[in-house]
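A.B. asks: Whole structure, please, built from the sequences with the hints as guidance.
Using our numbering, the letters of the sequence shown map in sequence onto residues 1 to 532.
Careful: at least some of the hints might be erroneous.
[Stated by the list, open to error] The calculated lysine-lysine pairs, modelled on DSS-like cross-linking and capped at a C-alpha distance of 27 Å, are:
no.	residue 1	residue 2
1	199	168
2	30	118
3	174	187
4	282	251
5	68	30
6	275	187
7	68	80
8	130	168
9	187	168
10	118	130
11	415	438
12	76	174
13	174	251
14	416	388
15	130	30
16	49	80
17	168	282
18	136	168
19	118	388
20	494	118
21	80	199
22	199	49
23	282	174
24	438	282
25	528	494
26	275	49
27	251	118
28	187	321
It should be emphasised that the hints constitute simulated quantities derived from the structure, not laboratory data.
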Amino acid sequence: MRLAATNLSLPFNADESALMMLLASELRVKQEDIQSLRITRHSLDARDKADIRSIYSVSFELSTENAKRVALLGLKNVGKLPERSEREPEQGTVPQDAPAVVVGLGPAGLFAAHELAKRGYKVIVIERGKPIAERKADVETFFSQGLLNTNSNVMFGEGGAGTFSDGKLTTRIKDPRAEDVIDTLVKFGADGNIAVEAKPHIGTDVLSHVVADMRNALQSMGVEIRFNSCMTDFDTRDGRIVSVTVNGKEKLPCCAAVLAIGQAARDTYRLLVSKGIELVPKPFAVGVRIEHPQDFINRSQFGRFAGHPRLGAAEYRLTGKSRGVYTFCMCPGGVVVASSSAENQVVTNGMSYHSRSERNANSAVIVQVNPSDFSSADPLSGIIFQEKLENAAFRLGGGDYSAPAMRVGDFLNRKKPEHFGSVAPTYRPNAVPRDIRKCMPPAISNGIEDGIRTFARQIHNFDMYDAVLTAIESRSSSPVRIARDENGEATRLKGLYPVGEGAGYAGGIVSAAVDGMRAAERIISRFKPMRG
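C.D. replies: See the structure below:
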């Protein structure tokens, strides 16, 4: 009989073979009675730095007789292994008379196309950016020379914005599709540990290869993928989308369109508003990136065990009370990256490679912004607010995509920044010492100040003088939501399925991918595949 056990605790540096001994002791059986032991989840409990623990969930086989004896023990952490439900959406009856068009090749678009293609549906994907190899070259040119390609950068291109990030796969959603996402990423080259670790990450270096392999698989399944192809218009008939216009000239007929545009596609938001699609302002957050030495974060979280190879680079997640300030998208052993996607704007984000071995840790320190802060009926008022911040950061940095930055001590003491100290900023093309308060409203800068002081009570010396703040972190999430109905379609246009972060319905790689899968299933439930 296949059983599962949870909350098995061992010292973090214990050999995993000790798991068998621990489990046998809990079950009161012999070790040889336990067969096919498999770790299904692993996490660290570092609340007691003197006794850091590894917490495991496992599955295993017991004979029916032994399983009955274990059941009589009434162990709360042991039970039958839940069966994984197989999902197969019921196919619709409407003939697919035109391809399904997927707009955007980030996680939502990739997984929507994958769900459709593996069931035989005709799919065309359009992506305004370039394939990953060319995109990486354009990003490096921007980092090294400050030459921005507005359609091929950290925000636009194959894989979406998440490709140039830590590749975090942690999600709060409780959806069985999330397991399918992880399994698919492993299938296309991600480390199998992402299916086990409680806080899995891929790393931008590995994720780029996974994305390319997944795209190759889609093409082998018959999906047509067009790069350098931006949706510039669309046509409707009787309240339903019937075609998508690419680059202002070519019309692609479609039975449905999955709108997986990502939150940087501001021109597309403006197109949607002009065409009468309902967009609704939503809360988001803005702020800065903070950098500390990774060694300091390791010591603060792991104490005397800092640097142990089994622990790796330490993380943190902190929350303050003032105006909803919190840390976000923490990148252990990572770098701060230039995420501009339009001219004359400076935008920051964080990125880690798989090894998480760079000298600094970085995280966003962001403050919540609500639609009421804009006092405008314009559904794009949040985007306008973001653009003002990004333009101000660009000017403050000198107008060459250098980012304004300053030491935490200078920021807290309101001193004019003149140089950096022991913590060197990692932002490229360049970071220059500037008073970052000058590129954001007082409510934001004061919230950041209050947050840092609060966080210093949670992690001693978080407010270290030489830690670096780099502005501006303005795209933690989309400031708008593209309204959709209970069937996932845009409220004012049938056949248009807004999905992912850009639509305002996801907050990371996994949740965006799951949202794209749901849209694909809804298309499947309406249409039967085009043949030939």
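A.B. asks: Next, verify each hint and record whether it holds.
C.D. replies: So, going through the hints one by one against the coordinates:
1. 199 / 168: Roughly 8 Å between the alpha carbons, so the hint for residue 199 and residue 168 holds.
2. 30 / 118: Violated, at roughly 45 Å.
3. 174 / 187: Judged against 27 Å, a Cα distance of about 22 Å means the pair holds.
4. 282 / 251: violated (32 Å)
5. 68 / 30: holds (15 Å)
6. 275 / 187: violated (40 Å)
7. 68 / 80: holds (11 Å)
8. 130 / 168: holds (23 Å)
9. 187 / 168: holds (17 Å)
10. 118 / 130: holds (24 Å)
11. 415 / 438: holds (13 Å)
12. 76 / 174: OK: residue 76 and residue 174 at ~22 Å, within 27 Å.
13. 174 / 251: violated (38 Å)
14. 416 / 388: holds (23 Å)
15. 130 / 30: violated (57 Å)
16. 49 / 80: violated (34 Å)
17. 168 / 282: At roughly 24 Å apart (the allowed maximum being 27 Å), residue 282 and residue 168 satisfy the hint.
18. 136 / 168: Satisfied, since the Cα-Cα distance of roughly 19 Å is no more than 27 Å.
19. 118 / 388: violated (43 Å)
20. 494 / 118: holds (24 Å)
21. 80 / 199: Holds: residue 80 and residue 199 sit about 25 Å apart, inside 27 Å.
22. 199 / 49: holds (19 Å)
23. 282 / 174: holds (23 Å)
24. 438 / 282: Holds. Residue 438 to residue 282 sits at ~25 Å (cutoff 27 Å).
25. 528 / 494: OK: residue 528 and residue 494 at ~17 Å, within 27 Å.
26. 275 / 49: violated (57 Å)
27. 251 / 118: Holds - the C-alpha atoms of residue 118 and residue 251 are around 25 Å apart, at most 27 Å.
28. 187 / 321: violated (42 Å)
Hints 2, 4, 6, 13, 15, 16, 19, 26 and 28, counting from the list given before, are not met by this structure.
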